[in-house]
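Please build the complete structure, drawing on both the sequences and the hints.
The listed protein sequences correspond, in order, to chains A and B. Note that this note's numbering has the first sequence beginning at 1, numbered continuously upward. Note that this note's numbering has the second sequence beginning at 1, numbered continuously upward.
Treat the hints with caution; some may be incorrect.
When the alpha-carbon atoms are kept at most 16 Å apart in a straight line, the in silico EDC-like pairs for lysine to aspartate or glutamate are as follows [what the hints assert, rightly or not]:
| no. | chain 1 | residue 1 | chain 2 | residue 2 |
| --- | --- | --- | --- | --- |
| 1 | A | K2 | B | E222 |
| 2 | B | K242 | A | E290 |
| 3 | A | K259 | B | E83 |
| 4 | A | K105 | A | E242 |
| 5 | B | K359 | B | E409 |
| 6 | B | K241 | A | E290 |
| 7 | B | K35 | A | E3 |
| 8 | A | K258 | B | E409 |
| 9 | A | K164 | A | E242 |
Honestly, the hints are just simulated from the structure, not real lab data.
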Amino acid sequence: MKEFKILAVIMALVGITYYGIEPYAHSVMHPEVAEADFTFKDLKNVDTSLAGNAENGKVLVEANCIACHAIEAAGYPAVMPNADAAASYGVVPPDLSHAGRVYDKNYLANFIFDPVSAMHLQHKYAPDSGKAFPMPSYNWMSAQDIMDIVAYFQSIVPKMTEYKAQHKATFETACGRCHNMKYAGLEATTPADVIKEHMGATPPDLSQYIKSRGEHYLHSFINDPQVLLKGTSMPRVGLTEEAQKEVIAYMEEIGDSKKAERETLGLWVMAYMVVFAFLAYMWKRKIWKEVH
Amino acid sequence: MAEFKKADSMLEWFDQRLGVVNFMKVMMTEYWIPKNINFLWAMGVLLTMLFTMLLVSGIFLLMYYKPDVNMAFDSVNYTIMQEVAYGWLFRHIHAVGASVVFLVIYIHMFTGIYYGSYKKGREMIWISGMLLFVLFSAEGFSGYMLPWGQMSYWAAYVITEIFGGIPFIGDELVVWIRGNFYVADATLTRFFMLHVLLIPLAILGAIVFHFYSLRFPHVNNEEGEFFDFHEESEKYLAGNKKESKVIPFWPVFLSKDVFVMGVFLIFFFYLVFFHYGFAMDPINFDKADGLKTPAHIYPEWYFLWSYEVLRGWFFEIAGISGKDLGLMAFGFANIIFVLLPWLDRSPIVKPANQRPMFKYWFWIMIADLMVLTEFGKLPPTGPNAWVGFGASLTFLVLFIALPFITKIEAKKAGGK
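Given below as structure tokens:
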């Protein structure tokens, strides 16, 4: 029928234009990047096949870590208030309660061995830059000792029963020392002026990042920021795939809190319009029978 | 004063005072529309409906929006989108509606061009329609600034900068438009005023005028046939409904429009709930930052073709800089459609495909606008810049050639 032909022409022209300015243009402006690597296979300094001994790990942690780090879950409180810690180190040292869960095992072991190369921040802490990362390398430690520490962290992870609380805990561990999440009332634990000095720029508020960057971008970016933003001061934080999903889920819970309501209501409204269109068609046929 | 006898019904009571019976006849049941039409004739009613939805959703948004550079972003993205019950729904309807209204405007406009509905007495319909296009463009542009995101800021920066190219007064004009030397709070508050008061008022007036301009020359039909509306309406009223070439606006014409509207709304609400990214650019969910230029700045899709006409001229010709050439081409592109009734010098009112030369002109013009739209979004580098230049030049040539093409066509048709 003629009207269908007209409709087909319009749909084709609109479809071609849409394809050009949306999917195609965005693929040109944001080319695909390498797959996210959650095994961190570029890190090979520590033999992670060794089985760790959590009890020996506890001794090593007490001797080497808690002078700077809090581990609330194991009963080691912060040594000093956040503002003082930030002033001393440039950034608040993380509480390690969730470290055994949110960080990949290989990453964590290699991070202890040499933090800067694990974070992909060699450009920022080059030997001639005069800057030093606040945490020293433990490259003098044996692989067995490092794996013992990792085993200890994995043994003390607090169990969380509520999934939203877990998303939040993961976000706070992974992102919360530098980034604000204004729409959740979260402020970075490191004061804004200190973190700006430490990083060279103020880390952005993440309240709307689920919308402005989207899940696809965040998936690659969090895994390794250098892939999408070469030269950025943001470290690779070494999250497991599971922990990264929790971070993104948290960003969605805060930044797009009406998603579930939107998707449910959408189906009802569209179903209503289908019924409406059908009734309107019956009415139109009845009316036009008289004039055709 | 006339003698009023006691009314027997409520209708009579109102009729005595407001003449509602005659009013309904003139506006609805005896407002005659040709019968020989297709669904493209429903676009006007779709536009009226979309404008109403924009108006209503806009009123709800207005209750919570704060026109201040420190508060605007959060009032939209937190208060409206997350705190207010169904605030997100009003914002999505408003944003998607604003984008889709342009799609329907373009279909409406190119339908008019295709069927030759801008000439032989219908010039004022065309001109008032183009006036509405300009007003909707201004409304869309001013509204896009209000969420105060990165694209709000930088699109406003780039577009207001264009006025700086006007000779002699350019620099002062830019400051006058912005209310500051750069895009700032004063710019936001004045664009807010334009968006919620002055331009909507003008649009309402222009819509009434557009409808009024249809009354005398009447709506065109699928074959461009001229007939005596009075005679045909007599036939209809006498009961020869099948034989008559006209139908009344209510209920016959509107029954078809309501059906088209129903189908359209399924598509529209799919976009509102599930596929809104094209109308709510991700970059605009970063708060405006005058110190951080986004990697790619582009206007909303409906401005891309004229943006590309501007951008296509990137090198100096005969001592005139590319920027000035682009500005001239841009000015040309923005007024040329209004002049269409006088550029088309053929008296034929027929669908384009039944006109020997105009049909080529029409489809090349559509293809050129699509190319301009596409390359208006892509980064203007390498071969893209040359495609943009070619398409921009083609646009100018098409409109300069139109009077000659249609004159030849008129001669072929017998010089009438």
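Results of checking the hints against the structure:
{"no.": "1", "hint": "K2/A x E222/B", "result": "holds, 11 Å"}
{"no.": "2", "hint": "K242/B x E290/A", "result": "holds, 7 Å"}
{"no.": "3", "hint": "K259/A x E83/B", "result": "holds, 13 Å"}
{"no.": "4", "hint": "K105/A x E242/A", "result": "holds, 13 Å"}
{"no.": "5", "hint": "K359/B x E409/B", "result": "holds, 11 Å"}
{"no.": "6", "hint": "K241/B x E290/A", "result": "holds, 7 Å"}
{"no.": "7", "hint": "K35/B x E3/A", "result": "holds, 14 Å"}
{"no.": "8", "hint": "K258/A x E409/B", "result": "violated, 58 Å"}
{"no.": "9", "hint": "K164/A x E242/A", "result": "holds, 14 Å"}
In terms of the numbered hints stated before, the structure departs from hint 8 and from no other.
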